[in-house]
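Peer 1: The lines below spell out each chain.
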Amino acid sequence: MSDNTSNSGLPDEKDISRAMPSAESLAQSPKAVIECFQEIPCNPCVEACPRGAIKITEGINQKPSIDHSLCNGCSLCVYQCPGLAIFVVGIDRDNPSKGFISIPYEFLPVPEKGEIVDILDREGVKIEEGTILKVNDSKATDRTRVVTVQVSSGLLSRARFIEMKRRTK
Amino acid sequence: MKRQTDIAVIGGGPAGLSAAVEASSFGLKIEVFDDNFTPGGQLIKQTHKFFGSKKHLCGYRGMDISKILLQNCASAGVTINTEACVTGIYGNILAVLYPERFEEVESKAFVVATGASENCINFVNNDLPGIYGAGAIQTLMNVFGVVPAKKVLMIGSGNIGLIVSYQLLQAGVKVAAVIEALPNVGGYLVHSAKLRRMGVPIYTRRTITKAEGDGNTGVNSAVTSQIDPNFNVIEGTEIQFDVDCICLAVGLTPLSDVLELAGCRMKYIPELGGKVALHDEYMKTTRDNVFLCGDVSGIEEAVTASLEGKLAGLSAALYLSHEYREKIEKSRLQILEELRIFRDGPFGEKARKGNEKLVREYKYER
Amino acid sequence: MRIEEHPVLTFKRYKKIVFYFEGSPVEAFEGETIAAALIAGGTATFRVTDKHQRPRGLFCSVGKCASCLMVVDGKPNVMTCVTPVREGMRVEKQKGKGDLT
Ligand SMILES: Cc1cc2nc3c(=O)[nH]c(=O)nc-3n(C[C@H](O)[C@H](O)[C@H](O)COP(=O)(O)OP(=O)(O)OC[C@H]3O[C@@H](n4cnc5c(N)ncnc54)[C@H](O)[C@@H]3O)c2cc1C
Ligand code: SF4
Ligand code: SF4
Ligand code: FES
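Chains as they are written, first to last, in this note's numbering: chain S, 1 to 169; chain W, 1001 to 1366; chain R, 2001 to 2101.
If you are wondering where the hints come from, they were derived from the structure by calculation, not from laboratory data. Backbone N, C-alpha and C fix where the C-beta goes; we use that ideal spot for every residue, glycine too. Do not take every clue at face value.
Unchecked claim - Pair by pair, the computed Cβ-Cβ distance ranges are:
1. R:K2016 - W:K1150: 20 to 28 Å
2. S:S25 - W:S1321: 55 to 63 Å
3. W:P1346 - S:P109: 32 to 40 Å
4. S:E112 - R:H2052: 51 to 59 Å
5. S:K126 - W:S1221: 49 to 57 Å
6. S:L108 - W:R1325: 52 to 60 Å
7. S:A140 - R:R2090: 35 to 43 Å
8. S:A140 - W:N1126: 41 to 49 Å
What the hints assert, rightly or not - Once the Cα atoms are required to be at most 30 Å apart in a straight line, the calculated DSBU-like pairs of lysine-lysine come out as:
9. W:K1350 - S:K63
10. S:K55 - S:K126
11. S:K165 - W:K1174
12. R:K2093 - W:K1174
13. W:K1357 - W:K1275
Said to hold, decoys possible - Derived contacts from chain R toward chain S, CB cut-off under 7 Å, selection only:
14. V2008
15. D2073
16. P2076
With the hints as extra help, turn the sequences into a complete structure.
Peer 2: Take a look at the structure:
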């Protein structure tokens, strides 16, 4: 029996791959990835989506499901999910080797457009560097800012957090 | 003559405040007594957005939910007494201790919503300065804006341990690791995933055995070991963490003293976190004019605390006046259904089972 | 340490005041508890127990555990986690049960 540190508290690989949008749907528009794999009493994502792409059909404990054909990647659900479990991924049409991910971010300093940051995987390990493309810090986000950062397309299913090179004092 | 009220609510968290607002719509005089400087209970320390559905104010941060509840109380004409510690209910008299005085208030009915207290665990030097309950760290950090440490070891991976770890990171404090004695993380996966992607490891099947430090500066390290399925320490598996703070998030126990003193029949229900007053599904205890709601009736969370609060408020109102019987009974059934839907998942199972036991026992006692 | 910047919270800090811990001046803000002000200033040990001379600091912060008892303006057994700090207050570590001096 050993310490179960490697996977404790992490989502299951199978669940993750099922949550990722297909290459075909990503070619149409950016898409939301919902990494909410437990039955918990929660459902604001359903109301957050103006296109009706997210569904929890029975009660509020069911896991959310998403219809990627309805999702246009607007990212309204990203800051409304209290579990910070929704990301948006997309591919750069002009340069398909590059893509981007939008993540919910509740830390300081708030990144700025053009800034270079470290990109981390689900275990907080740096996998590459990327440029911040956009930061949504509007009132609607209620301090859960949505940060969009450039990522290699091949890493879209792994990149899940950023670390600023600039630190708070 | 003593001050008089129709319903005295003890505890001003989500449960108590919801009970007060609900009961106030029947022309009754309601007073809330809370021992804190600021009412709101656990909510005032919660900086994260809450789960639930829109109807239950989810998506708002806990501290903002408490503001909404307090506004509702204000517009409903509910009086809130702060720094008012209730030391007992004696017949129809509520004994209240303020910082500089003592008061007795006469009330026709009581709603007890005192919440819960934090558990402690045994390890060597567990009384060293620098070892805090999770609630203490939250109060320091999120109410007073003070951080007690540079680097923390979190004991317990339930939602509280996970959330407080995340809040520490937000306040600029490092979290060395989260330690969990059970084989699996106790809290929601979405909370643990947030920590993991920031590089915080979670060790399962491991416990803290010893804190080290001195009397001046407090803790400077924590020793942990793996444990076997019988919770015995496995030799040679030690990991030492250099931390200046150890945070205990190892569970809560209902704060039932007031109910016990009031003569309500009690029962130990492990699923609910400890000794709980027997009650029917409408939150009435074995004393006809004493009701309860929230964590004191079993450890759960804010949404169920509020819903139980509404039930208790309605039941207390019904006890005092039959004028609105039909309306009240209808509302109560609606709330019961909401509670049922909310508790319908795997995380609601404990509460479901515990409550069934209590209600069964209550009926038997009657 | 006091948090100056926070991604979610803003802290209202009221009037700055000075109190004395073991004779030395400590800065605090009105509205803070004695315990919060001491911890902000880096003090971990609040008292020493009677029987085994064990150091104790803040633990529950809600007035439930008695870990934070100190001598305040000569009065022993004051629960510093629920007592607001005031200008000029004299706060001392409590040694043992705390005799009235
Ligand atoms: C870190 C953390 C994170 C959480 N996250 C969530 C979440 O995301 N979603 C969620 O739904 N829930 C969450 N919860 C749980 C939720 O906060 C509690 O379940 C809820 O606050 C319980 O409400 P309550 O009114 O029963 O008790 P409390 O909120 O504890 O309120 C009880 C009040 O009564 C007062 N009191 C006690 N005894 C007396 C007395 N004798 N006299 C006078 N006053 C007294 C207390 O001081 C307190 O103010 C979290 C809790 C914690 C600690
Ligand atoms: S990204 Fe926009 S369209 Fe897609 S699921 Fe979220 S809210 Fe709906
Ligand atoms: S809002 Fe987020 S945490 Fe809640 S059910 Fe939807 S995806 Fe899961
Ligand atoms: S720290 Fe527990 S009573 Fe003050």
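Peer 1: Does each hint fit the structure? Answer for all of them.
Peer 2: Evaluation of the provided hints:
no., hint, verdict
1, R:K2016 - W:K1150: 20 to 28 Å, "holds, 24 Å"
2, S:S25 - W:S1321: 55 to 63 Å, "holds, 59 Å"
3, W:P1346 - S:P109: 32 to 40 Å, "holds, 39 Å"
4, S:E112 - R:H2052: 51 to 59 Å, "holds, 55 Å"
5, S:K126 - W:S1221: 49 to 57 Å, "violated, 28 Å"
6, S:L108 - W:R1325: 52 to 60 Å, "holds, 54 Å"
7, S:A140 - R:R2090: 35 to 43 Å, "violated, 50 Å"
8, S:A140 - W:N1126: 41 to 49 Å, "holds, 45 Å"
9, W:K1350 - S:K63, "holds, 19 Å"
10, S:K55 - S:K126, "violated, 33 Å"
11, S:K165 - W:K1174, "holds, 16 Å"
12, R:K2093 - W:K1174, "holds, 29 Å"
13, W:K1357 - W:K1275, "holds, 13 Å"
14, V2008, "holds, 5 Å"
15, D2073, "violated, 36 Å"
16, P2076, "violated, 39 Å"
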